[in-house]
Amino acid sequence: MLAGPRCRNFTSLYSYLGLSLRHIPPDIPALVAQCATPPVINGRVLPTTVHTYSRRAHPPQAWFPPPSPPHNATMPPPNTPEEGVPTAGAVVPAPANTSATYILGRHHLYPEPPVSPPPRVPTAPPAATTESSRATTPNPSRSSSRPRSASRDSSASCSNRSCLLPINYQDLHYETEVDKSLECPICRTPFHLPLTTKPCGHTFCASCLDRALEIQPLCPIDRTPLDASRDVCHTRIVLDQLDRLRVRCPNRGCDYICARELLPVHYERYCEYTMVHCPDPDCDLRVARADARGDRGCLHTFTTCQYCGKEVMVAGLEEHYDADCGGHTAKCGHCNAIVVRHRMEKHTAKDCPRTMVACKWRPFGCSEWAPREVVEKHEQGLCVYQAIGRLARDRMEDRMIINELKERVSAMDERLRKSEKKEKNRSRDGGGHFGGIPSAAPFMPDLDLNHSPRAAPSYNGGTWESPEDYMLAQFERIESRMEDLRKMIMELDGHHTMRLLNDTMRLNEQIAELGSKVGVLGMHTTWLMNVQRQSRGQQRAGTTGGTPGPGIGVAGGVSGGGGSAGGREEEARRYFSSSNDVGLPLRRNSDGRNPPRL
Amino acid sequence: MPPAAGFATKRLGKELQKIHNSLPPGIDLVSAENFEEWFLDIRVLDSNPLYKDQTYRLKFKFSSSYPIEPPEVVFVKLPDRPIPIHPHIYSNGIICLDLLGQQGWSPVQNVESVCMSLQSMLTGNTKDERPPGDEDFVRANRLRPKDIDFFYHDNNV
Ligand SMILES: [Zn+2]
Ligand SMILES: [Zn+2]
Ligand SMILES: [Zn+2]
Ligand SMILES: [Zn+2]
Ligand SMILES: [Zn+2]
Ligand SMILES: [Zn+2]
Ligand SMILES: [Zn+2]
Numbered sequence: 001m002l003a004g005p006r007c008r009n010f011t012s013l014y015s016y017l018g019l020s021l022r023h024i025p026p027d028i029p030a031l032v033a034q035c036a037t038p039p040v041i042n043g044r045v046l047p048t049t050v051h052t053y054s055r056r057a058h059p060p061q062a063w064f065p066p067p068s069p070p071h072n073a074t075m076p077p078p079n080t081p082e083e084g085v086p087t088a089g090a091v092v093p094a095p096a097n098t099s100a101t102y103i104l105g106r107h108h109l110y111p112e113p114p115v116s117p118p119p120r121v122p123t124a125p126p127a128a129t130t131e132s133s134r135a136t137t138p139n140p141s142r143s144s145s146r147p148r149s150a151s152r153d154s155s156a157s158c159s160n161r162s163c164l165l166p167i168n169y170q171d172l173h174y175e176t177e178v179d180k181s182l183e184c185p186i187c188r189t190p191f192h193l194p195l196t197t198k199p200c201g202h203t204f205c206a207s208c209l210d211r212a213l214e215i216q217p218l219c220p221i222d223r224t225p226l227d228a229s230r231d232v233c234h235t236r237i238v239l240d241q242l243d244r245l246r247v248r249c250p251n252r253g254c255d256y257i258c259a260r261e262l263l264p265v266h267y268e269r270y271c272e273y274t275m276v277h278c279p280d281p282d283c284d285l286r287v288a289r290a291d292a293r294g295d296r297g298c299l300h301t302f303t304t305c306q307y308c309g310k311e312v313m314v315a316g317l318e319e320h321y322d323a324d325c326g327g328h329t330a331k332c333g334h335c336n337a338i339v340v341r342h343r344m345e346k347h348t349a350k351d352c353p354r355t356m357v358a359c360k361w362r363p364f365g366c367s368e369w370a371p372r373e374v375v376e377k378h379e380q381g382l383c384v385y386q387a388i389g390r391l392a393r394d395r396m397e398d399r400m401i402i403n404e405l406k407e408r409v410s411a412m413d414e415r416l417r418k419s420e421k422k423e424k425n426r427s428r429d430g431g432g433h434f435g436g437i438p439s440a441a442p443f444m445p446d447l448d449l450n451h452s453p454r455a456a457p458s459y460n461g462g463t464w465e466s467p468e469d470y471m472l473a474q475f476e477r478i479e480s481r482m483e484d485l486r487k488m489i490m491e492l493d494g495h496h497t498m499r500l501l502n503d504t505m506r507l508n509e510q511i512a513e514l515g516s517k518v519g520v521l522g523m524h525t526t527w528l529m530n531v532q533r534q535s536r537g538q539q540r541a542g543t544t545g546g547t548p549g550p551g552i553g554v555a556g557g558v559s560g561g562g563g564s565a566g567g568r569e570e571e572a573r574r575y576f577s578s579s580n581d582v583g584l585p586l587r588r589n590s591d592g593r594n595p596p597r598l
Numbered sequence: 001m002p003p004a005a006g007f008a009t010k011r012l013g014k015e016l017q018k019i020h021n022s023l024p025p026g027i028d029l030v031s032a033e034n035f036e037e038w039f040l041d042i043r044v045l046d047s048n049p050l051y052k053d054q055t056y057r058l059k060f061k062f063s064s065s066y067p068i069e070p071p072e073v074v075f076v077k078l079p080d081r082p083i084p085i086h087p088h089i090y091s092n093g094i095i096c097l098d099l100l101g102q103q104g105w106s107p108v109q110n111v112e113s114v115c116m117s118l119q120s121m122l123t124g125n126t127k128d129e130r131p132p133g134d135e136d137f138v139r140a141n142r143l144r145p146k147d148i149d150f151f152y153h154d155n156n157v
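Order-wise, the sequence lines are chains W and S. Sequence positions in the first sequence follow UniProt numbering and run 1 to 598. Sequence positions in the second sequence follow UniProt numbering and run 1 to 157.
It is worth saying that the hints were derived from the structure and are not from the lab. Among the hints, erroneous ones may be present.
[Stated by the list, open to error] Quick list of in silico lysine to any residue cross-link-like pairs, SDA-like style, CA-CA up to 20 Å:
no.	chain 1	residue 1	chain 2	residue 2
1	S	K10	W	L262
2	S	K10	W	L245
3	S	K10	W	L182
4	S	K18	W	Y174
5	S	K18	W	E177
6	S	K14	W	L242
7	S	K59	S	N34
8	S	K14	W	E177
9	S	K18	W	L182
10	W	K180	S	K59
11	S	K14	W	E183
12	S	K14	W	R399
13	W	K180	S	N21
14	S	K18	W	D179
15	S	K14	W	L245
16	W	K180	S	L23
17	S	K10	W	P467
Please read all numbers here as calculations on a predicted model, not as lab measurements.
Turn these sequences into a full structure, and let the hints guide you.
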């Protein structure tokens, strides 16, 4: 057996590709791990569902949020039945499966879903119920008729029945053109949870980098040695752009499009096509959220298709009709298409291009009545009633808004009248100090509610045709007044700023002037002080010749002590020569030096 | 493993899209009918007498963990597609290139970059010879390229 043929290494190829094989020794002590925190953007912890790569067998590295304890241990969702069952759920012996743990953590990230009345909706609280019922009353005889092995891998290990399959970000379909610089060099899709290497500054998706580092701990681009737990950090700069990318919901059948940062909310809470756990607590399979609703029980039993006789899972029946039902088909009487009989109704109602239908603007006067394909074209551009229809639709919407407002106004009115009455009663009962206040005063802000249509039915008599018109006019008036006020405020603001500016300018000038004056004064003071000091020194030198001050001349002192005539002479000369200097000291002093001595 | 397989498929789909749009000169896509096996032709662009007027066929095999793991790349012999002569290419088409080994591979590489590497490897070669022990190796080897434990020792070719 050949152990290994001798061959050669091609470093030059790397340089050809502009790559480098240099193993840069990482300055590890300097790279203090700063990213041991979970990813947080704008104060919001990033959804952690995305951390559930199935390949991770070992505990998560430091840049992933630590697995949170089961959610009901830290934050029991309000109004759930599990509060009454103390040990439910929390003690579920979670299998050592990191993905399940992470998904549990998801419940910390979003507010609890609204408590919904149907008991079997598979959002968190009901699922917890099923969980707890299973925990308290173990069911030893689980029915064996179910095809439990069918798609076991995806859901079998879930300990929490409200968990969802993670969104696969690499499979998302982007509606907008994505800049190349936002693409991960490994998966070539826009980054998901981008991580940047600290030594060399390259960016990858967290999952991609994780996979690459599992094989070898080098930067995939330049082979810098990397320590997965220390040498990477989050990249916030691109997150904003990534968040804004428009994506399509990954669920089959869903056409929802939103900004990428909003996708988890749609997917986890609203999308009807998200696969959730089967409402049957004994079933490990998943169904679409819409199917799980409505107490239909487990949809994973097999049934025989009524048309082709095939064994089909109940949950997959619709799909079967659409895709591979070869059974009793029928020819559409209009377009000759072969349609499963089950679908015929839907076909004629929605799809058949030959069925006669009316233009959708019919209520507004269009009399078009033709096969669907013709009408569709007609609706797209030819229909003259389109403009009117749109207008009418808008008007209808407006009307709805007006109605709502009307209701609110009347409710307010009612409340007002009640409190008015109360106030009156109180002032009548209490007598004393409340009497002076006009009863309507607290309710008379700038909005003249007392003149609302009911209180003053003037709209009937003359100017107003209907309460709606009255309300509209009222709103317009208020709006214009608000606009006026806004303008006034802005004007005032402008005036204010101008005045402030003028004042401060004058003050600034004055301050500058004062400053310069102070400076001049300071100069004068120094000059005067120097002159004084100098003349004092000279005085001292002149009067006490025999005892010279320190620094004036030790030599003079010594010679004076000698008592020779030459010493006297010298002293006199010194005096005169320095007195000649009197005109100069200012300049000398300004240098900071002592006046010169001989 | 379903997610990993999807990963490879997605990435290869992206690469294929790019390849259909443009490829560097001297590289042509022959067939890519699935995401497991692709065939490409490469030519050497300069006038190296060893490879002049020749086209070589490359076979890429992708595992489900591509691009985390390298693809398996070999030259294929056909009537009009010989195996290029090179001190690192065995006569059965197996290529000894650290770029294609577990150690030298990087997930940022792709089909195009591998082809370009091979092109440049041929372009730079002046030796009209096979690797040492070629005959023995070709006769005895039953392993797949990725299982062969190549011993890379030369850093200057
Ligand atoms: Zn790098
Ligand atoms: Zn990636
Ligand atoms: Zn959706
Ligand atoms: Zn079920
Ligand atoms: Zn059928
Ligand atoms: Zn039809
Ligand atoms: Zn019409």
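Against the structure, the hints:
{"no.": "1", "hint": "K10/S / L262/W", "result": "violated (23 Å)"}
{"no.": "2", "hint": "K10/S / L245/W", "result": "holds (19 Å)"}
{"no.": "3", "hint": "K10/S / L182/W", "result": "holds (17 Å)"}
{"no.": "4", "hint": "K18/S / Y174/W", "result": "holds (17 Å)"}
{"no.": "5", "hint": "K18/S / E177/W", "result": "holds (15 Å)"}
{"no.": "6", "hint": "K14/S / L242/W", "result": "holds (19 Å)"}
{"no.": "7", "hint": "K59/S / N34/S", "result": "holds (13 Å)"}
{"no.": "8", "hint": "K14/S / E177/W", "result": "holds (14 Å)"}
{"no.": "9", "hint": "K18/S / L182/W", "result": "holds (17 Å)"}
{"no.": "10", "hint": "K180/W / K59/S", "result": "violated (28 Å)"}
{"no.": "11", "hint": "K14/S / E183/W", "result": "holds (11 Å)"}
{"no.": "12", "hint": "K14/S / R399/W", "result": "violated (50 Å)"}
{"no.": "13", "hint": "K180/W / N21/S", "result": "holds (15 Å)"}
{"no.": "14", "hint": "K18/S / D179/W", "result": "holds (15 Å)"}
{"no.": "15", "hint": "K14/S / L245/W", "result": "holds (18 Å)"}
{"no.": "16", "hint": "K180/W / L23/S", "result": "holds (18 Å)"}
{"no.": "17", "hint": "K10/S / P467/W", "result": "violated (60 Å)"}
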